[in-house]
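*Asks:* From first to last, the protein sequence lines stand for chains A and B. Count the first sequence with the working numbering and you get residues 1 to 373, in order. Count the second sequence with the working numbering and you get residues 1 to 373, in order.
None of these hints come from the bench; they were simulated from the model. One or more of the hints may lead you astray.
[Stated by the list, open to error] As a list, the in silico SDA-like pairs of lysine to any residue whose alpha-carbon atoms are at most 20 Å apart:
id	chain 1	residue 1	chain 2	residue 2
1	A	K134	A	P121
2	A	K318	A	G163
3	B	K108	B	H95
4	B	K108	B	P121
5	B	K365	A	S351
6	B	K354	A	N183
7	A	K187	B	S343
8	B	K187	A	S193
9	B	K318	B	E293
10	B	K354	A	R362
11	A	K318	A	L282
12	A	K245	A	S281
13	A	K204	A	D361
14	A	K187	B	T352
15	A	K17	A	Q29
16	A	K204	A	N183
17	B	K354	A	K204
18	A	K187	B	H95
19	B	K17	B	G53
20	B	K363	A	Q356
21	A	K365	B	H357
22	B	K296	B	H96
23	B	K365	A	F359
24	A	K365	B	S343
25	A	K365	B	Q356
[To be verified] To give a feel for the contact side, a few chain B residues facing chain A, derived at Cβ under 7 Å:
id	residue
26	A75
27	Q76
28	F158
29	D176
30	V325
31	K330
32	L332
33	R335
34	S336
35	L341
36	D342
37	S343
38	S358
39	F359
40	L371
Source: prediction; values computed, not measured. Beta carbons: idealized from backbone N, C-alpha and C, even for Gly.
Number of protein chains: 2
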Amino acid sequence: MNGEHWLYIMIDLPVDKKKWVHWMRRSIQLALLAENRTSPNPLVGAVVLDSSGRLVGEGFHTGAGNAHAEIEALAQAGEKSVNGTIVVTLEPCCHHGLTPPCTEALIKARLKRVVIGMVDPDPRVSGNGISRLKDSGLEVVEGVLNQECKRINREFIFRVRNGRPWGILKWAMSLDGRIGLPNGISKWITNESSRDSVHQIRAKCDAVIIGGGTLRSDNPLLTSRGKSELEPLRVVFSRSLELPKSANLWNTKTAKTLIAYGPEGNESFFFDLPDGPEKLSLDSNDPSELLTELGKKGCNKILWECGPLLATSAIEAKCVQELVVFIAPKLLGGRSAMSPLDSFGFESINSTYKLQHSFLDRKGKDLCWRLLL
Amino acid sequence: MNGEHWLYIMIDLPVDKKKWVHWMRRSIQLALLAENRTSPNPLVGAVVLDSSGRLVGEGFHTGAGNAHAEIEALAQAGEKSVNGTIVVTLEPCCHHGLTPPCTEALIKARLKRVVIGMVDPDPRVSGNGISRLKDSGLEVVEGVLNQECKRINREFIFRVRNGRPWGILKWAMSLDGRIGLPNGISKWITNESSRDSVHQIRAKCDAVIIGGGTLRSDNPLLTSRGKSELEPLRVVFSRSLELPKSANLWNTKTAKTLIAYGPEGNESFFFDLPDGPEKLSLDSNDPSELLTELGKKGCNKILWECGPLLATSAIEAKCVQELVVFIAPKLLGGRSAMSPLDSFGFESINSTYKLQHSFLDRKGKDLCWRLLL
Chain A
1 MNGEHWLYIM IDLPVDKKKW VHWMRRSIQL ALLAENRTSP NPLVGAVVLD SSGRLVGEGF
61 HTGAGNAHAE IEALAQAGEK SVNGTIVVTL EPCCHHGLTP PCTEALIKAR LKRVVIGMVD
121 PDPRVSGNGI SRLKDSGLEV VEGVLNQECK RINREFIFRV RNGRPWGILK WAMSLDGRIG
181 LPNGISKWIT NESSRDSVHQ IRAKCDAVII GGGTLRSDNP LLTSRGKSEL EPLRVVFSRS
241 LELPKSANLW NTKTAKTLIA YGPEGNESFF FDLPDGPEKL SLDSNDPSEL LTELGKKGCN
301 KILWECGPLL ATSAIEAKCV QELVVFIAPK LLGGRSAMSP LDSFGFESIN STYKLQHSFL
361 DRKGKDLCWR LLL
Chain B
1 MNGEHWLYIM IDLPVDKKKW VHWMRRSIQL ALLAENRTSP NPLVGAVVLD SSGRLVGEGF
61 HTGAGNAHAE IEALAQAGEK SVNGTIVVTL EPCCHHGLTP PCTEALIKAR LKRVVIGMVD
121 PDPRVSGNGI SRLKDSGLEV VEGVLNQECK RINREFIFRV RNGRPWGILK WAMSLDGRIG
181 LPNGISKWIT NESSRDSVHQ IRAKCDAVII GGGTLRSDNP LLTSRGKSEL EPLRVVFSRS
241 LELPKSANLW NTKTAKTLIA YGPEGNESFF FDLPDGPEKL SLDSNDPSEL LTELGKKGCN
301 KILWECGPLL ATSAIEAKCV QELVVFIAPK LLGGRSAMSP LDSFGFESIN STYKLQHSFL
361 DRKGKDLCWR LLL
């Protein structure tokens, strides 16, 4: 959330909700402590206040399979939760997932009140948690810092609603819009600070996707260079499986690799391939089929680091929600190719893609422009 | 100078020069009042202080043929200049140009001291003015706010030293580096605020240059839309003279037009052309020959608003010193052409053009990036 943490002014919030804003901010802070470590789960933070409003417990969800934020906070509070209040960023769950339902723990802790930032978009919960609490006689205050609570889980919410992860497309280009020289050379258009930012973005993603062309020309590592405890899954999305026998990605000691391929993929490629990379056969070359599979694997957020053809097809398949473009103050020139995107077939400027909510940053002499598609 | 006025900290300035910084700043302010109206002359401002250091006269050069700044300031001061000081941004001239030499007027005004920002790069002056003043017994203090005085006349100095005007290349592109759709449509990639900025840049230039291709495809007006008292000269630089018989540029009521053409130009084109546009036959298609001719015509600063081929050739001929790139948050796509620049034949990233001193501005949702080449 660095630099892009948006503050919402709570002008229209009723007084009974305003009094919880302070504690909800604290819960959001707690939730963010686990940023990028909870997929496929959301970020959740919670504080418990005793009957006189004093802080007696704090907690946050540290990752799938671990205790939920409410349980952590209640454990700290112990008996002091009786007649108290829990302030939690997300509606408590009422279903048995990897852990038991939180609603039952809240009821058992004999809390008086539950303050909630946002309703859980997960259809197994989505209001049912709130109903269960109300039915058990707890006071429920909803929608406190609702926008902020949604913002920290933008990618989780997107994945739950759409069945596939939030897609970020990144490219690095010169001032004249070139991602490489006509001879294919692109190392390095952008400076060290920009490339470091790319590693940071990778660290915040669950998977990084390239096409066969990028693998053949760049032989990339695609890791966060240790900026994340768990390196993102490295995905090669290939139509033909005409891939090199030797590649950095086939070494899966530091990070996992997935080779995804469409119906035309020549599986004989796998005969000589070392063990390590996982294989995924798809029914089509549609990027959204790949992303649906990655969603099932628990990816909330993925990064496209591919060439113009795959990038264009990912945009057209609505598999890109966010763009991160690095622009270096260099002029490369070049008559053809080596542009970030291929043709969309647009006939007028009105029909082109317009980007929103842009956030601009300097990386040394380079620019980094983030936008929503 | 809006937004790009750079302040220099005078850490190393000796005390005897520091005391004049305040008045030199005022002289610079005065000089800037005539911004973009003095070509081919420089901007010059001057203040006259009486023998006890009180301000008794101010002046600035308002345009070629009009009085120089020193003469204006001395006229205000009258008899009070005796034993006084004149603080002037540029070395006083010592030659007969359109007006008599300023050195003689300074001597006649019986000043005690002359404080000068920068030496005149014009070889007819360049130190001779200072010598003449010293020889006549006046105290001369040189180099006060030297960098700032040079900055306000960057384009004049460049033209005097290189024999051709300072060149600015402007283009407007989408986030994916496209200056138009594959079908040629480019209206409008950037927003109204960006286009308004282009008119402002034109207002600050002595000429605007396009190639035949841009004339044929866009039929532009190329005016500042009244943002300048004197519209810039509109130049079409055509190899072949295969130009349309009807074009906005052939109407020279609001702004002058110059048709420049190389040795292959088919002059029969001129037979049916209405009077109005001026013709300029060149010995080559080299952009630097055109710029040398424009320098002779008194242009200090010109704007390239051309397509990729001419832009690339202008850069290669060192006829571009500054870039102004507008970037709109849109995705246009496109397989070929419609990129800002053509090929330079670079084989490695190290050999590409690197730009310096960048200045970034937002124009609504668009970006405007200005850099030096």
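*Asks:* For every hint, state whether the structure bears it out.
*Replies:* Hint by hint, here is what the structure shows:
For the given pair, A/K134 sits about 19 Å from A/P121 by alpha-carbon distance, which is consistent with the 20 Å threshold. With a CA separation close to 12 Å, the supplied pair A/K318 and A/G163 stays within the 20 Å bound. This hinted pair checks out: B/K108 and B/H95 have alpha carbons roughly 16 Å apart, not beyond 20 Å. A C-alpha spacing of about 25 Å is found between B/K108 and B/P121, which places the hinted pair above 20 Å, so the restraint is violated.
For the hint linking B/K365 to A/S351, the alpha-carbon distance of about 18 Å falls within 20 Å, and the restraint holds. Only pairs whose Cα atoms come within 20 Å are accepted, and B/K354 paired with A/N183 is accepted, the gap being roughly 19 Å. The suggested pairing of A/K187 with B/S343 holds, with an alpha-carbon distance near 18 Å, which does not exceed 20 Å. Taken as a hint, the B/K187 and A/S193 pair is broken in the structure, with Cα atoms around 35 Å apart against an allowance of 20 Å.
Our distance criterion of 20 Å between C-alpha atoms is met by B/K318 and B/E293, whose separation comes to about 15 Å. For the hint linking B/K354 to A/R362, the alpha-carbon distance of about 16 Å falls within 20 Å, and the restraint holds. About 18 Å separates the Cα atoms of A/K318 and A/L282, which keeps this hinted pair within 20 Å; it holds. Restraint check for A/K245 and A/S281: the C-alpha separation of about 19 Å stays at or below 20 Å, so the hint holds.
Simply put, A/K204 and A/D361 have alpha-carbon atoms about 18 Å apart, close enough for the 20 Å limit, and the pair holds. The straight-line distance between the Cα atoms of A/K187 and B/T352 is roughly 12 Å, inside the 20 Å bound, and the hint therefore holds. With a CA separation close to 18 Å, the supplied pair A/K17 and A/Q29 stays within the 20 Å bound. Between A/K204 and A/N183 the alpha-carbon distance is near 32 Å, which puts this suggested pair outside the 20 Å criterion.
Note on B/K354 and A/K204: the hinted pairing is violated, with a Cα-Cα distance of about 31 Å set against a maximum of 20 Å. Straight-line distance between C-alpha atoms of A/K187 and B/H95 comes to about 55 Å, which puts the hinted pair past the 20 Å bound. About 15 Å separates the Cα atoms of B/K17 and B/G53, which keeps this hinted pair within 20 Å; it holds. Proposed proximity of B/K363 and A/Q356 is supported: the alpha carbons are some 14 Å apart, at most 20 Å.
Between A/K365 and B/H357, the direct Cα distance comes to roughly 9 Å. Compliance with the 20 Å bound is thereby established for this hinted pair. Distance restraint check for B/K296 and B/H96: the Cα-Cα separation of roughly 19 Å lies within the 20 Å cut-off, and the hinted pair is therefore satisfied. Simply put, B/K365 and A/F359 have alpha-carbon atoms about 10 Å apart, close enough for the 20 Å limit, and the pair holds. Taken as a hint, the A/K365 and B/S343 pair is broken in the structure, with Cα atoms around 24 Å apart against an allowance of 20 Å.
A hinted pair counts as satisfied when its Cα atoms are at most 20 Å apart, and A/K365 with B/Q356 qualifies at roughly 8 Å. With a cut of 7 Å, the hint placing B/A75 at the interface with chain A is violated, because the nearest CB-to-CB distance is about 47 Å. For B/Q76, the suggested interface contact is broken, since its CB lies about 46 Å from the closest CB of chain A, more than 7 Å. The interface hint given for B/F158 is violated, since its Cβ lies 20 Å from the closest Cβ of chain A, which is over the 7 Å cut-off.
Nearest Cβ of chain A to the Cβ of B/D176: about 5 Å, under the 7 Å cut. The hint holds. Taking 7 Å as the C-beta contact cut-off toward chain A, the hint placing B/V325 at the interface holds, the least distance being around 6 Å. The beta carbon of B/K330 comes within 5 Å of a beta carbon in chain A, closer than 7 Å, and the hint placing it at the interface holds. Hint on B/L332 holds. Least Cβ distance to chain A is approximately 5 Å, under the 7 Å limit.
Checking B/R335 against chain A: minimum C-beta separation of about 5 Å stays under 7 Å; hint holds. The criterion of a C-beta within 7 Å of any C-beta in chain A is met by B/S336, whose closest approach is roughly 5 Å, and the hint holds. Satisfaction of the interface hint for B/L341 is found here, the shortest Cβ-Cβ separation to chain A being roughly 5 Å, below the 7 Å cut-off. A hinted interface residue such as B/D342 counts as satisfied when its beta carbon comes closer than 7 Å to some beta carbon of chain A; here the least separation is about 6 Å, so the hint holds.
Nearest Cβ of chain A to the Cβ of B/S343: about 5 Å, under the 7 Å cut. The hint holds. Here the hint on B/S358 is kept, as its CB sits about 6 Å from the closest CB of chain A, short of 7 Å. With 7 Å as the threshold, the beta carbon of B/F359 stays out of range of chain A, its nearest partner Cβ sitting at about 11 Å, so the hint is violated. For B/L371, the interface hint holds, since its Cβ comes within 7 Å of a Cβ in chain A; the closest pair sits about 5 Å apart.
In the structure shown, a violation is registered for the earlier hints numbered 4, 8, 16, 17, 18, 24, 26, 27, 28 and 39, in ascending order.
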